[in-house]
Amino acid sequence: MTRLRAERAPFKTRQASPAAAFLRAVSAVVWKDLAAELRSRELVSAMLVFALLVILIFNFALELNVKARSEVSAGVLWVTFAFAGTLGLNRSMASEKDRGCLDGLLLTPVDRSAIYFGKAIGNLIFMLGVEAIVLPLFTILYSINLFHPGLILVTFLGSVGYIAIGTLLASMAVQTRTRDILLPILLFPLAIPVLVAAVKASAGYLASSPMSEIAPWLNLIIAYDIIFIAVAFMVFDYIVEE
Amino acid sequence: MGPKPRLLSILDSIALVLFVIAVGMVFFYAPTEAVMGQVQRVFYFHVATAWVGMLGFMAAGVAGIAYLRTSNRRWDIVSLAAVEISLVFFFVAIIMGSIWARPAWGTWWTWEPRLTTATIVELVYAAYLLLRQGIEDPDRRARFGAVYTLLGFISVPLTFVAIRLFRTIHPVVFGAGDAQAQGDFNMTPRMFQTMMFSVLTFSLIFASLLWHRIRQGALAEKVEQLRLRFTQ
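Residue numbers (numbering that gives the first Met the number 0), protein chains in the order written: chain A, 0 to 241; chain B, 0 to 231.
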């Protein structure tokens, strides 16, 4: 693999600085995913319908009356995001694997981590897209105002962490025999810190708690994001190595 | 794979003898705790098995990193062996904790940080084994396994921090006790000796089991290679 890298190097440096080439490779992968999604619209629509179904089930399971709503809204939201996110992650990597696109991607003369970041940013955009629709819908359905800048910040940061590790594990899961059923089993135990922190921080913002109560959770989400982006960057090579 | 090493036989015997002594110490040497009574005796092996569970988890993480750096399959066998053994010991620790918690806390189970973290550790181990089961290619299995133990190794402390931000009722045996803790007690020197002896005993049992399991893993790999050679 080091030999391959050495061969790739002149190709990259011929055009621009390594950083610019890396960014261009990342954006190419992101653009590829977005273009495919714009044409098929299968991923985001499936995630969205699934998210709404989860909210619907919660409505009956928890009897979301006015009192209960204010207490469990944050939890319901994050369970919905986590489930819909898993669905999207699975689909996004499975389509690469099924049509042999992953091998094609790996053959391109770019750093492997550019592929990881490209896929992760693509997945993040899809997840944020779903969240951008679910949040207002939730606001209307349960007449509880979710348009709090803090809550939107938490949603963004939480999704970053969830997608960072999710993309990594999804690329692992698609290469196994058990595939789709494996991803949630691998992902949920490791995503617990970010989910717990996101639920707590969201609940804090919804209840207008003082910042001193929310700050530790926010710090935990940021720490999780940074740690897992860095680790994914380091280990992605081992996952797609052939 | 040679015959069973002499050192391993010695280790086995020492572990067995120490275990018998540890059981004796727990029942006859350690004094009966004044408030909780006999059930407190479960504490010694509870701490020891939980310690082995964490030890194995750390060993698996370190072996995972070593595998990624060297690509030597031996590290993969070590990692798997450590996870399998720790899975059992951690489970034993949780069960013993439950037995103690029933009279001390009045409940078999509570969503307390250490209990919750222990459960999540078990789930991470279980996911690790399921992941390995789904991969046929031994190299890929080893690589994915190593990456997953590494991720678990990083995530579990964060999980503990996350859940710790809630209040705890688990007694803190070392360091300052939490005001919220229930079932806290001061250890007499004999209790402390018994606990440390149990920890030592179980560490040796862990080392002995790990060695056996690594030998078995090496044999299993040999069988796999032989099978590949004759079926292809």
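What the hints contain is simulated information worked out from the structure, not anything from laboratory work. Since this is a predicted model, take the numbers as computed values, not measurements. Hints may contain errors.
Stated by the list, open to error - Taking beta-carbon pairs under 10 Å as the criterion, some of the chain B residues facing chain A (in silico):
{"id": "1", "residue": "I119"}
{"id": "2", "residue": "G151"}
{"id": "3", "residue": "F159"}
{"id": "4", "residue": "I162"}
{"id": "5", "residue": "L164"}
{"id": "6", "residue": "T187"}
{"id": "7", "residue": "P188"}
{"id": "8", "residue": "F191"}
In this text, a Cβ means the ideal position worked out from N, Cα and C, and glycines have one as well.
Okay, the hints, checked on the actual structure:
1. Restraint check, B:I119 versus chain A: the minimum CB separation of about 5 Å is within 10 Å; hint holds.
2. A least Cβ separation of about 7 Å between B:G151 and chain A falls short of the 10 Å threshold, and the interface hint therefore holds.
3. Evaluation of the B:F159 hint against chain A yields a held restraint, the C-beta minimum of about 9 Å falling below 10 Å.
4. Below 10 Å, beta-carbon pairs count as interface contacts, and B:I162 has one with chain A at about 7 Å; its hint therefore holds.
5. The closest approach between the C-beta of B:L164 and any C-beta of chain A is roughly 6 Å, which is under the 10 Å cut-off, so the hint is satisfied.
6. Annotation: interface hint on B:T187 violated; nearest CB of chain A at approximately 38 Å, more than 10 Å.
7. Of the supplied interface hints, the one on B:P188 is violated, with its beta-carbon coming no nearer than about 39 Å to a beta-carbon of chain A, more than 10 Å.
8. Proximity of B:F191 to chain A is violated relative to the hint, the smallest CB-CB distance being about 33 Å (cut-off 10 Å).
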